[in-house]
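Asker: If you want the building blocks of each chain, they are given just below.
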Amino acid sequence: MEHYNMNLTLKVWKQKNKDTRGSFETFHVKDISSEMSFLEMFDVLNEQLIEEGKEPIAFDHDCREGICGMCSMYINGRPHGPWHGTTTCQLHMRAFKDGDTIVVEPWRANAFPVLKDLMVDRDAFDRIIQAGGFISVNTGNAQDGNSIPIEKEKADQAFAAAACIGCGACVAACKNSSAMLFVSAKVSHLALLPQGDPEKKTRVLNMIAQMDKEGFGACTNTGACEAVCPKEISLDNIARLNKEYLSAAAVIDK
Amino acid sequence: MTWKQLFTSSVGKKFVMALTGVSLIGFLIVHAGLNACIWANDDGAMFNRAARFMGTTVVIRIMEVGLFIGIILHIVQGILLELENRARRTIRYTVPLGNRGSKWYSRSMGLLGTLILLFLIMHIYHFWTPSRLGGIGAIQELQHVEYAGDTTVYHDLYREMVNVFQSPLIVVLYLLGCISLAYHLLHGFSSAFRTLGLHNQRYVKLVKAAGIAFSVIVPFVFAMMPVSIYLGWIK
Numbered sequence: 001m002e003h004y005n006m007n008l009t010l011k012v013w014k015q016k017n018k019d020t021r022g023s024f025e026t027f028h029v030k031d032i033s034s035e036m037s038f039l040e041m042f043d044v045l046n047e048q049l050i051e052e053g054k055e056p057i058a059f060d061h062d063c064r065e066g067i068c069g070m071c072s073m074y075i076n077g078r079p080h081g082p083w084h085g086t087t088t089c090q091l092h093m094r095a096f097k098d099g100d101t102i103v104v105e106p107w108r109a110n111a112f113p114v115l116k117d118l119m120v121d122r123d124a125f126d127r128i129i130q131a132g133g134f135i136s137v138n139t140g141n142a143q144d145g146n147s148i149p150i151e152k153e154k155a156d157q158a159f160a161a162a163a164c165i166g167c168g169a170c171v172a173a174c175k176n177s178s179a180m181l182f183v184s185a186k187v188s189h190l191a192l193l194p195q196g197d198p199e200k201k202t203r204v205l206n207m208i209a210q211m212d213k214e215g216f217g218a219c220t221n222t223g224a225c226e227a228v229c230p231k232e233i234s235l236d237n238i239a240r241l242n243k244e245y246l247s248a249a250a251v252i253d254k
Numbered sequence: 255m256t257w258k259q260l261f262t263s264s265v266g267k268k269f270v271m272a273l274t275g276v277s278l279i280g281f282l283i284v285h286a287g288l289n290a291c292i293w294a295n296d297d298g299a300m301f302n303r304a305a306r307f308m309g310t311t312v313v314i315r316i317m318e319v320g321l322f323i324g325i326i327l328h329i330v331q332g333i334l335l336e337l338e339n340r341a342r343r344t345i346r347y348t349v350p351l352g353n354r355g356s357k358w359y360s361r362s363m364g365l366l367g368t369l370i371l372l373f374l375i376m377h378i379y380h381f382w383t384p385s386r387l388g389g390i391g392a393i394q395e396l397q398h399v400e401y402a403g404d405t406t407v408y409h410d411l412y413r414e415m416v417n418v419f420q421s422p423l424i425v426v427l428y429l430l431g432c433i434s435l436a437y438h439l440l441h442g443f444s445s446a447f448r449t450l451g452l453h454n455q456r457y458v459k460l461v462k463a464a465g466i467a468f469s470v471i472v473p474f475v476f477a478m479m480p481v482s483i484y485l486g487w488i489k
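Same order as they appear, the protein sequences are chains A and B. Numbering-wise (my numbering), the first sequence opens with residue 1 and increments by one. Numbering-wise (my numbering), the second sequence opens with residue 255 and increments by one.
In case anyone wonders, no lab produced these hints; they're calculated from the structure. Beta carbons: idealized from backbone N, C-alpha and C, even for Gly. Incorrect hints may appear among the rest.
[Said to hold, decoys possible] Per the computed footprint, the stretches of chain B lying under chain A, defined by three or more beta-carbons under 8 angstroms from a beta-carbon of chain A, are:
1) 266 to 276
2) 329 to 341
3) 360 to 367
4) 408 to 414
[As the list claims (entries may be wrong)] With a straight-line cut-off of 25 angstroms between C-alpha atoms, the simulated BS3-like cross-links for lysine-lysine are:
5) B/K267 to B/K489
6) A/K116 to A/K16
7) B/K489 to A/K175
8) B/K258 to A/K213
9) B/K459 to A/K154
10) A/K18 to A/K154
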């Protein structure tokens with residue numbers, strides 16, 4: 001692909017802290033390489049701001065290779081920007097043209113309060129995982145993998161669900177700020193495997209109870225989450241979660 | 255888990271929406287089928303007999319109570335859920351995702367439902383109150399009719415239909431109601447089954463296809479009723 005440089009106008013959400021009201025600020029960057037990643041472009045902008053003696057823009061990032069789920073950014077009206085199945089860190093500047101104006105907002109959901117600029121507090125997801133997104137095993141040696149037979153297709157489905165990196169793009173895209181795609185990926189991942197089977201009933205009930213407590217909305221199956229998910233988690237997981245939840249609720253004995 | 259915890263959880267609330275939604279889909283089939291009797295072209299004789307059967311059979315009247323409970327639950331729960339879900343994002347996006355992630359009618363179930371509710375109020379005033387409650391005042395009093403070989407005196411509900419659908423404004427309002435219903439079903443039909451937990455790919459495909467067919471055919475049949483009467487296609 002041909003390399004080119006571009007000048008861009010950025011409208012970025014600036015917010016001092018959790019308790020103050022934020023607003024958009026406009027920035028200009030020059031000679032941005034089409035081979036940079038979106039976050040590298042932000043690094044260039046931040047260096048520029050530091051040199052000018054201004055405060056750099058705060059944003060979340062960690063691995064920068066699309067697997068940690070730390071990066072967020074709602075770019076031109078879409079979580080993780082215009083590319084399908086891509087995290088912000090893997091979004092490259094060749095997605096934009098010289099002279100473009102790019103609007104960057106933080107994830108917006110009451111359950112994800114903005115901490116500063118583009119950083120939001122996603123602890124709610126951790127608390128949902130703590131409520132049941134695990135299997136209880138004794139310490140000691142792991143048993144031999146071949147002693148637990150798993151159908152290949154089930155293993156593949158579980159793996160596809162386990163690909164969820166918990167970035168929160170589903171919540172950001174959902175008109176209801178629902179976390180159902182995230183929770184359903186975690187529930188499906190374990191419900192499909194023999195190791196997850198013993199605790200599947202309490203797991204789904206506890207995780208949904210925690211999800212509701214955190215203030216996420218209900219799912220209305222619009223499919224916006226699936227469309228923007230960088231890991232292409234399927235909407236089928238939500239239907240599976242509904243089945244797991246309703247069948248657990250029907251028979252649970254307490 | 256208590257029953258209260260189940261039905262106040264987000265999945266439980268959606269379960270109520272889906273269950274009442276599916277039963278209302280069942281009602282639509284009966285309603286459309288029964289009303290199609292007007293096309294018998296017998297000046298409403300078959301239709302009036304069918305309407306009398308529905309109005310006088312005790313099993314049907316009991317089911318009607320269930321229907322009203324279902325409709326009210328669907329409406330109240332729907333409005334509450336819509337308000338609740340909207341409140342989950344106090345600060346909105348400057349650039350919305352819009353149609354890039356979902357269909358407009360999937361996001362507008364609350365609006366479409368409200369339009370159907372407004373239609374329903376008008377519709378109940380036109381036909382249900384006159385036939386079941388004897389009407390509101392003298393303006394709604396139904397005529398009576400007798401048919402050869404039958405001693406029963408029937409409410410002439412067919413005549414009421416003909417009278418109501420003389421007004422082009424009412425016909426247009428009914429058509430708008432049918433269009434709202436069509437889009438509401440286009441999302442609601444398959445979404446209801448998803449909420450009830452359907453994830454088997456073979457059945458998902460079946461339900462999606464059935465949902466599209468249902469959302470086109472049933473509202474179309476309903477829409478043709480005022481149109482046929484207004485244009486005088488029925489004798």
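Asker: Give a verdict on every hint.
Answerer: Here is how each hint holds up against the structure:
{"no.": "1", "hint": "266 to 276", "result": "holds (count 4)"}
{"no.": "2", "hint": "329 to 341", "result": "holds (count 5)"}
{"no.": "3", "hint": "360 to 367", "result": "holds (count 3)"}
{"no.": "4", "hint": "408 to 414", "result": "violated (count 0)"}
{"no.": "5", "hint": "B/K267 to B/K489", "result": "violated, 47 angstroms"}
{"no.": "6", "hint": "A/K116 to A/K16", "result": "holds, 5 angstroms"}
{"no.": "7", "hint": "B/K489 to A/K175", "result": "violated, 49 angstroms"}
{"no.": "8", "hint": "B/K258 to A/K213", "result": "holds, 15 angstroms"}
{"no.": "9", "hint": "B/K459 to A/K154", "result": "holds, 20 angstroms"}
{"no.": "10", "hint": "A/K18 to A/K154", "result": "violated, 43 angstroms"}
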